[in-house]
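K.L.:
If you're matching them up, the sequences are chains B and V in order.
Going by my numbering, 118 is the number at position 118 of the first sequence; the sequence numbering is gapless.
Going by my numbering, 70 is the number at position 70 of the second sequence; the sequence numbering is gapless.
Worth flagging that the hints you see were computed from the coordinates, not collected in a lab.
A few of these clues could be false.
The list treats identical chains as interchangeable, and a pair is accepted whether it falls inside one copy or across any two copies.
Claimed, not checked - Straight-line Cα separation of at most 20 Å, SDA-like style, residue types lysine to any residue; simulated pairs:
1. Lys86 to Leu105
2. Lys86 to Ile117
3. Lys9 to Ile117
4. Lys121 to Asp38
5. Lys55 to Phe66
6. Lys9 to Asp79
7. Lys55 to Arg116
8. Lys121 to Glu95
Protein chains: 2
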Amino acid sequence: MNTTLDFDKAGGLVPAIAQDADTGEVLMLAWMNREAFDETVRTGRAVYFSRSRNKLWRKGEESGHFQEVRGVFIDCDADTVLLKVKQIGGAACHEGYKSCFFRQLDAGELKVIAERIFDPKAVYKKAE
Amino acid sequence: MNTTLDFDKAGGLVPAIAQDADTGEVLMLAWMNREAFDETVRTGRAVYFSRSRNKLWRKGEESGHFQEVRGVFIDCDADTVLLKVKQIGGAACHEGYKSCFFRQLDAGELKVIAERIFDPKAVYKKAE
């Protein structure tokens, strides 16, 4: 499939934004290599590439909190992906928040501006 | 200012998402170094770091299409920024669209799914 995505700019990876398809809330940013992108498109579930684990990261494979893809968008420079998704379980962040962007800068301090949806310890078997 | 942002993961830069503060539309993704981030917070206007030009990019400095920052959010890993902005001129993309994500993948083909807000040739003095 020729999507003209440019994986060369950042060492084989492109940033991928996941946005709630219904509310527009930005849920998270992760990374994709070509394999992750192709599997995402093929399966309709978000697959990223984990830089820390250096392997494909099928979002939800441990927590059950999959992201069902409702739309795939490519930016003007073809070096960023935007996914519109339905977030199973209601929370994208491994810390239990709907969005990973649960902290806002306020007068030089980061303040938590969201409520936890789940307890990470109850969802993930291994310790954080 | 200690925001605990981690600029070391990707060579001194973090990805920064700009989102329309009113509609929630994701407008663009660009990059920030520490200087760009600090100036963004200090001035209330989005400043990025241009990887192609290797210098600070004060969004709108050429087009007049500044981004007025309404909120600054940091993700759980402190390696991505989300800005909620008011986009002056109504379009963030240098190609004249409101959002840089104006193309959707549809059955293996990229289709333009938005209308141009401005003519790039009329806004930018130099040729694209």
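K.L.:
Next, verify each hint and record whether it holds.
P.N.:
Evaluation of the provided hints:
For a Cα distance limit of 20 Å, the shortest separation of lysine 86 from leucine 105 across copies, 17 Å, qualifies, whereas the shortest one inside one copy, 27 Å, does not. In this assembly of identical chains, the alpha carbons of lysine 86 and isoleucine 117 lie at most 20 Å apart only when taken from the same copy (15 Å versus 29 Å across copies). Taking identical chains as interchangeable, the C-alpha atoms of lysine 9 and isoleucine 117 are never at most 20 Å apart, the minima being 36 Å within one chain and 28 Å between chains. Taking the closest pair of Cα atoms, lysine 121 and aspartate 38 never come within 20 Å of each other, the shortest separation being 32 Å inside a single copy and 35 Å across copies.
In this assembly of identical chains, lysine 55 and phenylalanine 66 lie within 20 Å of each other by CA distance solely inside one copy; the values are 17 Å within and 38 Å between copies. Taking identical chains as interchangeable, the C-alpha atoms of lysine 9 and aspartate 79 lie at most 20 Å apart whether they share a chain (7 Å) or sit on different chains (18 Å). Neither within a single protomer nor between protomers do lysine 55 and arginine 116 lie at most 20 Å apart by alpha-carbon distance, with minima of 28 Å and 39 Å respectively. For the homomeric pair lysine 121 and glutamate 95, the shortest alpha-carbon distance inside one copy (9 Å) is at most 20 Å, but the shortest distance between copies (46 Å) is not.
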